[in-house]
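*Asks:* As you go down the protein sequences, you meet chains A and B in turn. Per the numbering used here, the first sequence starts with residue 16, numbered consecutively. Per the numbering used here, the second sequence starts with residue 146, numbered consecutively.
One or more of the hints may lead you astray.
[Claimed, not checked] The calculated DSS-like cross-link candidates involving lysine-lysine, where the alpha carbons are at most 30 Å apart (straight line), are:
hint : chain 1 : residue 1 : chain 2 : residue 2
1    : A       : 208       : B       : 399
2    : A       : 296       : B       : 386
3    : A       : 596       : B       : 183
4    : A       : 35        : A       : 208
5    : A       : 83        : A       : 97
6    : A       : 474       : B       : 471
7    : B       : 183       : A       : 485
8    : A       : 474       : A       : 296
9    : A       : 83        : B       : 399
10   : B       : 463       : A       : 485
11   : A       : 192       : B       : 252
12   : A       : 485       : A       : 441
13   : B       : 386       : A       : 276
14   : A       : 97        : A       : 29
15   : B       : 399       : A       : 296
16   : B       : 252       : A       : 208
17   : A       : 22        : A       : 35
18   : A       : 411       : B       : 386
19   : A       : 596       : A       : 192
20   : A       : 485       : B       : 471
21   : B       : 183       : A       : 192
22   : A       : 83        : A       : 208
[To be verified] A few chain B residues that don't get close to chain A, going by computed Cβ distances all over 12 Å:
hint : residue
23   : 160
24   : 220
25   : 221
26   : 252
27   : 253
28   : 267
29   : 292
30   : 302
31   : 317
32   : 326
33   : 376
34   : 420
35   : 470
36   : 473
37   : 477
38   : 480
What the hints contain is simulated information worked out from the structure, not anything from laboratory work. In this text, all values refer to a predicted model and were calculated from it rather than measured experimentally. We put the CB at the ideal spot given by N, CA and C, even for glycine.
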Amino acid sequence: MPDLQFKATINGRKISRAAKPHQRLLDFVRDDLNLTGNKEGCGAGECGTCSVFVNGVLMKSCLLPIAKAHNTTIETVEALAKTGELSVLQQAFHKAGASQCGYCIPGMVMAATAALRANPFADREEIKERLGGNICRCTGYQKIFDAVELARDVQNGSLPATVLFEDEVAQGDFIGKNVRRIDTPGKVSGRLKYAGDMTMPGMLHVQVLRSPHPHARIASIDISAAEAMEGVEGVITCADVPGEDGFGVFVNDQPIMARGKVRYVGEAVAAVAAESPLIVKRALAAIKVIYEPLPAVFDPDEALCPGAPILHDYAPDNITKHIPIRVGDVDKGFAESDLVMEETYTTQAIEHAYLEPEAGLAYVDQDGVVTIVSPDQNVTHHRHMLARIIAKPISKVRFIMSPVGGGFGGKEDMIYQGMLALLAMKTQRAVRLVFTREESIISTAKRHPSRTVLRMGLKRDGHIHALQMKMICDGGAYGLSTEGVMRKAAILAAGPYVIPNVRIDTFGIYTNNTPSGAFRSFGALQTAFATESHLDMCAERLGLDPFRIRRINAMRDGAVTHTKARLGSVSLMRSLDALEKASGWESGAPTSRGDRRRDLNRNDIRPPCTLGARFVEAEKPEAAE
Amino acid sequence: MARKRGRGMAACWYGIARTAVIDRAAAWVELDDGGSAKVVTGVTEIGEGILTVLAQIAAHEMGVRPEHVVIGDNDTARAPEASHAGASRQTYMIGNAVALASREARKRLVDVMAIVWDVEAETIRTSAGEIWAENTNHHITMGEAVHTAKSRGVVPVGSASFGTDTTGLDPVDGSGRPWQAYVFGAQVAEVEVDTVTGEVQVLGIWAAHDVGRAVNPQGVEGQIEGGIVQALGQGLMEDYKLENGRTSTSGFAKYILPTALDVPRVNSIIIEDPDPIGPLGVKGVGEPAMVPTIPAIMNAIYDAVGVRITALPATPEKVLMAIREKDQLEAHMAAQAAE
Chain A
16 MPDLQFKATI NGRKISRAAK PHQRLLDFVR DDLNLTGNKE GCGAGECGTC SVFVNGVLMK
76 SCLLPIAKAH NTTIETVEAL AKTGELSVLQ QAFHKAGASQ CGYCIPGMVM AATAALRANP
136 FADREEIKER LGGNICRCTG YQKIFDAVEL ARDVQNGSLP ATVLFEDEVA QGDFIGKNVR
196 RIDTPGKVSG RLKYAGDMTM PGMLHVQVLR SPHPHARIAS IDISAAEAME GVEGVITCAD
256 VPGEDGFGVF VNDQPIMARG KVRYVGEAVA AVAAESPLIV KRALAAIKVI YEPLPAVFDP
316 DEALCPGAPI LHDYAPDNIT KHIPIRVGDV DKGFAESDLV MEETYTTQAI EHAYLEPEAG
376 LAYVDQDGVV TIVSPDQNVT HHRHMLARII AKPISKVRFI MSPVGGGFGG KEDMIYQGML
436 ALLAMKTQRA VRLVFTREES IISTAKRHPS RTVLRMGLKR DGHIHALQMK MICDGGAYGL
496 STEGVMRKAA ILAAGPYVIP NVRIDTFGIY TNNTPSGAFR SFGALQTAFA TESHLDMCAE
556 RLGLDPFRIR RINAMRDGAV THTKARLGSV SLMRSLDALE KASGWESGAP TSRGDRRRDL
616 NRNDIRPPCT LGARFVEAEK PEAAE
Chain B
146 MARKRGRGMA ACWYGIARTA VIDRAAAWVE LDDGGSAKVV TGVTEIGEGI LTVLAQIAAH
206 EMGVRPEHVV IGDNDTARAP EASHAGASRQ TYMIGNAVAL ASREARKRLV DVMAIVWDVE
266 AETIRTSAGE IWAENTNHHI TMGEAVHTAK SRGVVPVGSA SFGTDTTGLD PVDGSGRPWQ
326 AYVFGAQVAE VEVDTVTGEV QVLGIWAAHD VGRAVNPQGV EGQIEGGIVQ ALGQGLMEDY
386 KLENGRTSTS GFAKYILPTA LDVPRVNSII IEDPDPIGPL GVKGVGEPAM VPTIPAIMNA
446 IYDAVGVRIT ALPATPEKVL MAIREKDQLE AHMAAQAAE
């Protein structure tokens, strides 16, 4: 396709440049103009972080071929605070605490700007609908709505601009005050550079060849054709690892790239560094891997059966970790109980879905220090592991944390930094790897899917007398944080309740599924779902209010936990009291009494949403945006 | 009525900082020229606002302003270890380390000024960029005081390490002391269930969480609101699907996430039960905020329509199926009773 002489007015400046007609507008502004404020979150028009204005209309620039933007006026997020001074809306985001990791925020600010341009008096519900195309994973959106409402009121004159200023803090007493976040101006303006926004002189582009098989022996890898290609500067496989390979959080069972066999779809097999992303792609296609598929196991219960495929030689039973907790005598406890209930609970795998896909740069500095720049939740541990893997002293390995565009546990694993280090060492040039959304989803850890059998015995007065829980979790192909997740799940499984007889077993199991790993709340979410659902079921049978059954069993000051640790102050009763009061809870047994309750529909909930109802009513032309 | 409302609640507890191992974090602090301050620590801002929290703590402890605190963050060649960003640990571990280091830097400065002014060090106060001695006319800016200290050969620096007194678990019965700080909390959810489509809307959440001491209440609310919405996603819609190890949900078109239209109003109730061990009384909130949400929602669905969802997520299809099964069962039982 011939080049297009692309002309447009971008952020008030006329530009005229050669471009490929099929190039995405997002890549053009980011790569060719170095306007990196707007980010790529999904590449599919689903997340909105790439949102820009084209002739004043909000558009997702990842879906727009540049030819379609020819001769238009384009504004990126950089246009909003061009002279360094934040717009009213950006100041409102700062004041309201609407930005957390900040990665979605440039797109969110653009969408909110569009919303208030369309209707300067938009109410909260209309604001929500107008922001419906932008995903935020950190904030829960509430403070974003607050910010847009604040900006609306300042812009339309119903509030003075002084409401955007920092709250006064008396006497230097800065703890306990809503000091505005020091990093927000850089985030709302798009000035903050995440790893995928950074470049270095002479930088090479990196991509990864991934396994198409869930379980297969690697018979051979032939990289010769790829290595011979012009513009290819480095191709690596596990053979390039100079030290002792293997990373993990608790057990170092995962090689930097597959060694001998692959254990899940998406596992890294080889990586290429080349002068341009296109050359990298062609080189990846030229790598010849011969796989011999092996029997695979996808269900943790099947993985426990004799004769099941074995993933790791060190764990012939496929058990990554088993954590037991024992208190008293549960069999006797059940025999002494007035009510015994058993139920099975299951939870699914979920994706962290941080808006920033994994990205990183690496280089070897003038002193021979292998340096990795990445959004990494555990640089201390990763430096330690990488030094062993690349056989260098720890002082010759340096990790620099780049701004993290959301993590939630998903960036605790050293899943790609090793490949960057090896390629920087091999090419002696700066290298950069930016994951696509699909790559991020298929290759990185998920929340552990779980199956929990919970049996609880209670006395007639509501005291829990015995609790038995067995949880089987699918840990996937590698250990990552499974051991720790099983441990935390077990410790917290029985809830903050005094129970004389407890038997808990949590198991993390290897399968050929995507690995499971650290995810905010780390096993406690799965067990609490079971225990807290179960308590309500028991409360119904015993005719007890849900608050009451929890108070009957609540740990108090000085309680001893199920791991036999003595607590100091216990704030559970305070929390329950404050919650019952604040929610105006109407007491009663949980007998499916929703249609009789009188505590519903207070003024501290949101109205239910019926999609599109407003726009059918209004029929305004801008509603079609 | 096609749409039915209900409420449910659930409680939680959580341990703060790394589990069943000794956790640790360090910080270096300098009271710098012009009344500014420098804090260097291996902290990882992952969005929760920890940099601002540390600036507030350093400003509060030393008597400067948060906007004049510069933070050197995570770089293994330039900053002392503060371990990882996880386990709801950063405010607890790194906040306490920064507080202790700030106190040491302040003491260096105050000790010089006590000699210069010929007063007892205990009578010297520092606040928001100023330093003075009680019941005297001595009152200057922190910038002037730092200049005075340096002219006497003293750079006011401090460093500190904060560690936990914890143990591993016994491999047989699990006994041990996995944490030294625990938090507790509870949530109420109000839902509306559409009995024609099975769709569940969470309209309100009331969330009471003990955080020890809220350094930045707006930030605490942000953690609670964000945690609740992530849990809502797992409770109602998100599902990473695999078949024979291959996913059918590799993009956001198929992997459904909560949007602005899905989220409840969250009413946060911050409880402060100070940690007696650390110098600040702070604990943590990042993870516990999402622990009670799912069971609270599931208990609310039961309250509204009488069906118990035990397999997540509670998608419209699953809720609708459960309602139909319940209706059929009730009709069957009614028919049997009539016979």
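*Asks:* Hint by hint, say whether it matches the structure.
*Replies:* We went through each hint and held it up to the structure:
1. Straight-line distance between C-alpha atoms of residue 208 of chain A and residue 399 of chain B comes to about 29 Å, which keeps the hinted pair within the 30 Å bound.
2. Distance check on the hinted pair: residue 296 of chain A and residue 386 of chain B sit about 27 Å apart at the alpha-carbon level, within 30 Å; holds.
3. Taken as a hint, the residue 596 of chain A and residue 183 of chain B pair is broken in the structure, with Cα atoms around 43 Å apart against an allowance of 30 Å.
4. Pair hint residue 35 of chain A plus residue 208 of chain A holds up; C-alpha atoms about 26 Å apart against a cutoff of 30 Å.
5. The suggested pairing of residue 83 of chain A with residue 97 of chain A holds, with an alpha-carbon distance near 25 Å, which does not exceed 30 Å.
6. This hinted pair checks out: residue 474 of chain A and residue 471 of chain B have alpha carbons roughly 29 Å apart, not beyond 30 Å.
7. Among the hinted pairs, residue 183 of chain B with residue 485 of chain A is inconsistent with the structure: their alpha-carbon atoms are about 49 Å apart, more than 30 Å.
8. For the suggested pair residue 474 of chain A and residue 296 of chain A, the alpha carbons sit about 65 Å apart, so the restraint of at most 30 Å is broken.
9. For the suggested pair residue 83 of chain A and residue 399 of chain B, the alpha carbons sit about 27 Å apart, so the restraint of at most 30 Å is met.
10. For the hint linking residue 463 of chain B to residue 485 of chain A, the alpha-carbon distance of about 25 Å falls within 30 Å, and the restraint holds.
11. For the given pair, residue 192 of chain A sits about 25 Å from residue 252 of chain B by alpha-carbon distance, which is consistent with the 30 Å threshold.
12. For the hint linking residue 485 of chain A to residue 441 of chain A, the alpha-carbon distance of about 48 Å lies beyond 30 Å, and the restraint is violated.
13. For a cut-off of 30 Å, the pair hint linking residue 386 of chain B to residue 276 of chain A stands: about 24 Å separates their Cα positions.
14. As the CA atoms of residue 97 of chain A and residue 29 of chain A are separated by approximately 15 Å, the hinted pair is consistent with the 30 Å bound.
15. Taken as a hint, the residue 399 of chain B and residue 296 of chain A pair is honoured in the structure, with Cα atoms around 25 Å apart against an allowance of 30 Å.
16. For the hint linking residue 252 of chain B to residue 208 of chain A, the alpha-carbon distance of about 37 Å lies beyond 30 Å, and the restraint is violated.
17. For the hint linking residue 22 of chain A to residue 35 of chain A, the alpha-carbon distance of about 12 Å falls within 30 Å, and the restraint holds.
18. Between residue 411 of chain A and residue 386 of chain B the CA atoms are separated by roughly 41 Å; this puts the pair beyond 30 Å, and the hint is violated.
19. Simply put, residue 596 of chain A and residue 192 of chain A have alpha-carbon atoms about 25 Å apart, close enough for the 30 Å limit, and the pair holds.
20. A distance of roughly 28 Å separates the Cα atoms of residue 485 of chain A and residue 471 of chain B; the hinted pair therefore holds under the 30 Å criterion.
21. Annotation: proposed proximity of residue 183 of chain B to residue 192 of chain A holds, straight-line Cα distance about 21 Å (limit 30 Å).
22. A threshold of 30 Å between alpha carbons decides the hint, and for residue 83 of chain A with residue 208 of chain A the separation of about 28 Å falls inside it, so the pair holds.
23. Residue placement check: residue 160 of chain B does not keep its beta carbon more than 12 Å from all beta carbons of chain A (closest about 7 Å).
24. Non-interface call for residue 220 of chain B relative to chain A: violated, since the shortest CB-CB distance, roughly 5 Å, does not exceed 12 Å.
25. A cut-off of 12 Å between C-beta atoms contradicts the statement that residue 221 of chain B is not in contact with chain A; the least separation is 5 Å.
26. A cut-off of 12 Å between C-beta atoms confirms that residue 252 of chain B is not in contact with chain A; the least separation is 17 Å.
27. Separation of residue 253 of chain B from chain A is adequate, the least Cβ-Cβ distance of about 19 Å exceeding the 12 Å criterion.
28. Annotated as non-interface, residue 267 of chain B keeps its C-beta farther than 12 Å from every C-beta of chain A; the closest such distance is 18 Å.
29. Here residue 292 of chain B stays apart from chain A, with its beta-carbon at least about 20 Å from theirs, past the 12 Å limit.
30. For residue 302 of chain B, the shortest C-beta to C-beta distance to chain A comes to about 21 Å, beyond the 12 Å cut-off, and the non-interface label holds.
31. With a least beta-carbon separation of about 7 Å from chain A, residue 317 of chain B fails to lie farther than 12 Å from that chain, contradicting its non-interface assignment.
32. The non-interface label for residue 326 of chain B is inconsistent with chain A: the shortest C-beta to C-beta separation is roughly 9 Å, within 12 Å.
33. Not every CB of chain A is more than 12 Å from the CB of residue 376 of chain B (nearest about 7 Å), against its label as outside the interface.
34. With a least beta-carbon separation of about 9 Å from chain A, residue 420 of chain B fails to lie farther than 12 Å from that chain, contradicting its non-interface assignment.
35. At the 12 Å boundary, the C-beta of residue 470 of chain B stays outside the reach of chain A, the nearest C-beta of that chain being 15 Å off.
36. Every Cβ of chain A is farther than 12 Å from the Cβ of residue 473 of chain B; the closest lies at roughly 17 Å, confirming the non-interface assignment.
37. Interface exclusion of residue 477 of chain B from chain A stands, the closest Cβ pair being 18 Å apart, more than 12 Å.
38. Residue placement check: residue 480 of chain B keeps its beta carbon more than 12 Å from all beta carbons of chain A (closest about 21 Å).
Consistency with the previously given hints fails for numbers 3, 7, 8, 12, 16, 18, 23, 24, 25, 31, 32, 33, 34, ordered from lowest to highest.
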